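K.L.:
So the sequences go chain by chain: Y and E. For the first sequence, the residue numbers in the numbering used here are 39 to 186. For the second sequence, the residue numbers in the numbering used here are 257 to 426.
Each hint should be verified, as a subset may be incorrect.
Below, in silico cross-link-like pairs of lysine to aspartate or glutamate (EDC-like), each with a Cα-Cα straight-line distance of 20 Å or less [what the hints assert, rightly or not]: (1) E:K335 with Y:E76; (2) E:K367 with Y:E170; (3) E:K335 with Y:E149.
A few chain Y residues that face chain E, going by a derived Cβ cut-off under 10 Å, partial list only [claimed, not checked]: (4) S129; (5) W145; (6) E171.
Read the hints as simulated data drawn from the structure, not as lab findings. Being a predicted model, the structure only gives us computed values, none of them experimental. Beta carbons are placed, not taken as given, at the ideal position from N, Cα and C, and that holds for glycine.
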Amino acid sequence: MMTGRFLARVLEKAGCACRELETPSPGFACQLEAQADEVVGLVRIIAANGFFLESISAVDRLKEKKMDGLYLFNHYEESQRLMIRIEMDRSNPVLPTISKIFPGALWYERELGEMFGIRVAGCPDTRNLLLEEDAKFHPLRKDFRGRA
Amino acid sequence: MGAGSTVPPIIHFAQLEKVFNTARANSLWPLTFGLACCAIEMMSAAGPRFDLDRFGAGVFRATPRQADVMIVAGTVTEKMAPTVVRLYEQMPAPKWVIAMGNCAISGGPFKLDFNYNVVEGVERLIPVDVYVPGCPPRPEALVEAFLKLEEKLTGTRRFPEAPAIAREEG
């Protein structure tokens with residue numbers, strides 16, 4: 039088991055069993071697969087145990103018609119890295135906002151919205167972050183073939 | 257000649273214009289304004305080693321209302337485009353524009369089929385007087401651009417051309 043004892047205890051509190059990954063990603067102590075509605079509770083416990091947000095990203099799997107939301111967390115003292123992966127339907131990807139727990143998540147969530155077209159439920163700010171205000175395309179989707 | 261990229265005035269006073277243009281050519285105040293890595297070369301050109309002040313062009317103004325030249329130094333993104341246009345419109349005439357670097361000329365390395373966020377050349381937004389190719393151009397190239405602009409204003413070149421570098425035949 040790659041997962042450290044510290045992380046195992048944290049995840050036990052979250053009511054989440056550590057699962058050995060078939061293909062463990064290098065550098066990550068643990069990769070969790072969760073449902074979109076579990077995210078907020080999980081992140082709240084992770085935050086309470088001293089983890090901080092590294093980034094939020096996404097993967098577009100065009101062939102499987104799926105989209106994965108990725109939450110990356112780090113810990114300084116325990117030198118742990120943790121990834122939460124949320125599988126979503128590609129036609130209507132929705133993630134809950136965690137900007138009330140980590141205020142810095144807001145910009146990542148805005149970026150997810152413009153780059154992948156993921157709707158972030160409850161996000162207090164849904165304006166584009168990097169693209170122009172009226173941009174309606176999602177450039178990081180795999181079927182993006184240039185604007186217009 | 258003196259109007260730069262704006263509409264020239266209806267009445268010209270030829271001799272007065274000449275005097276003005278000589279003055280303008282030797283006090284081209286650029287706008288403090290950089291968009292990408294070309295701005296580092298622009299700063300270098302303004303520094304003591306290349307010293308744009310020799311040509312009266314080292315007075316970088318922090319407001320467009322005091323500037324004569326806009327050096328578009330870097331990549332113009334779609335998000336930045338309205339701001340570039342606004343800064344240009346806030347500059348009082350006569351005003352000139354130098355497109356510095358390949359990004360400002362044509363989009364440079366970002367001119368791709370699936371480019372979605374880079375304006376392919378600042379000339380699509382505002383009229384450009386001098387183009388400085390390079391990625392990024394050396395500070396000497398920017399100094400040369402100011403000499404070219406001087407030439408455009410006064411009709412004559414005040415400084416001698418740089419001597420040609422001897423190359424092997426072949």
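K.L.:
List in ascending order the numbers of the hints, as given earlier, that are violated by the structure.
P.N.:
Hints 1, 4 and 5 not satisfied by this model.
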